[in-house]
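The task is simple: from the sequences and hints, build the whole structure.
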Amino acid sequence: MNKSTMKIALLGVSHWHLPLYLPGLPDGSVVGISDDNEEIASRFAAPYACPYFTDYRQMLRTVKPDFVFAFAPHNQMHEVASYLINEKIPFTIEKPAGLNQEEVADLYNKSEQKNVFCAIPFVWRYSDTVNDLKQRYLKGQINHMSYKFVAGPPSRYLATSRWMLSQKTAGGGCMTNLGVHFIDMALYLTGCTKAKTLASVYHYAYEYDIETYASSLLQLDSGASLTLESGYAFPMTDGIKRENRWTIVTDKGYYTLAENDLEIRVFDDMPQHIRLNTDSDPYYEIFARTTLNDYENGIRPRASLKEMLETRIILDDINTKAAALRKNK
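Its first residue numbered 1, the sequence shown is counted upward by one per residue in my numbering.
Some hints here could point you the wrong way.
[Claimed, not checked] With beta-carbon atoms standing in for the labels, derived distance ranges:
#1 58 / 203: 36 to 44 Å
#2 300 / 58: 27 to 35 Å
#3 141 / 240: 30 to 38 Å
Read the hints as simulated data drawn from the structure, not as lab findings.
In this text, a Cβ means the ideal position worked out from N, Cα and C, and glycines have one as well.
Here it is as structure tokens:
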């Protein structure tokens, strides 16, 4: 089997990221589509002239795909992924792959026992931006990292993914949805696998019970400090949809990345400016294409359930610290 003959199913197509994946799929490869919302499933199936389903199990039994791109509300992810693993169907699934570390650990253990391929779209690992940072530009030991990613208001999820705005179905807000990418990135750039949360503050706005702004301070097992700032708070316009700013401090210099510009300030050298992309959207296509190639060639994903579990453990710690602070107010 090769990518040109691979049968691919798309599970849970109402997820807002799905359109970003589609250009990375081989022509003619999509053979089945499912979603709880029949109208959305029908609409996505039309360009592929393939059957659509409201029951993903029925879809999998009917079309018998070689590979699945899975999306689901966070409170359904454990059930969906468990089914795919038990059926030994290789797949990707969106982060966070479950509501807590216990659910993700269960999936990781099952996937290892059954030797089922599962990739997680921590898409920055698939980017030239982060890999160039890691391999070419960062010099010296990382002492501190700061990531600020603030996206538009929560109302943008109302059209197709209202479940994102409920603690029960999403498990959390902006830190669960946005912050996890930068937890994983910090681990990737430093080679660490653990971190402890020193402080975490969540803010709640609108009528939703999820955090809409979050600030956290952590220490990685290398000793490096990490600040994370995420939010659903940016007033979007056609030209600018979010704030995305990174600062990395090493014992050799200071690195700032924002608005597609990496500024490098190394001691005893002139500052440099290098163009690097700060928009993650193009990397979903690269993730899809690379993941299919990895599966076909027996290569372990750059981000698997192992990396998801490491990130989920840290996320749970951040959530716990924020909840304790809120309770004690």
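Do the hints match the structure? See the list:
| no. | hint | result |
| --- | --- | --- |
| 1 | 58 / 203: 36 to 44 Å | holds, 42 Å |
| 2 | 300 / 58: 27 to 35 Å | holds, 31 Å |
| 3 | 141 / 240: 30 to 38 Å | holds, 34 Å |
In terms of the numbered hints stated before, the structure departs from none.
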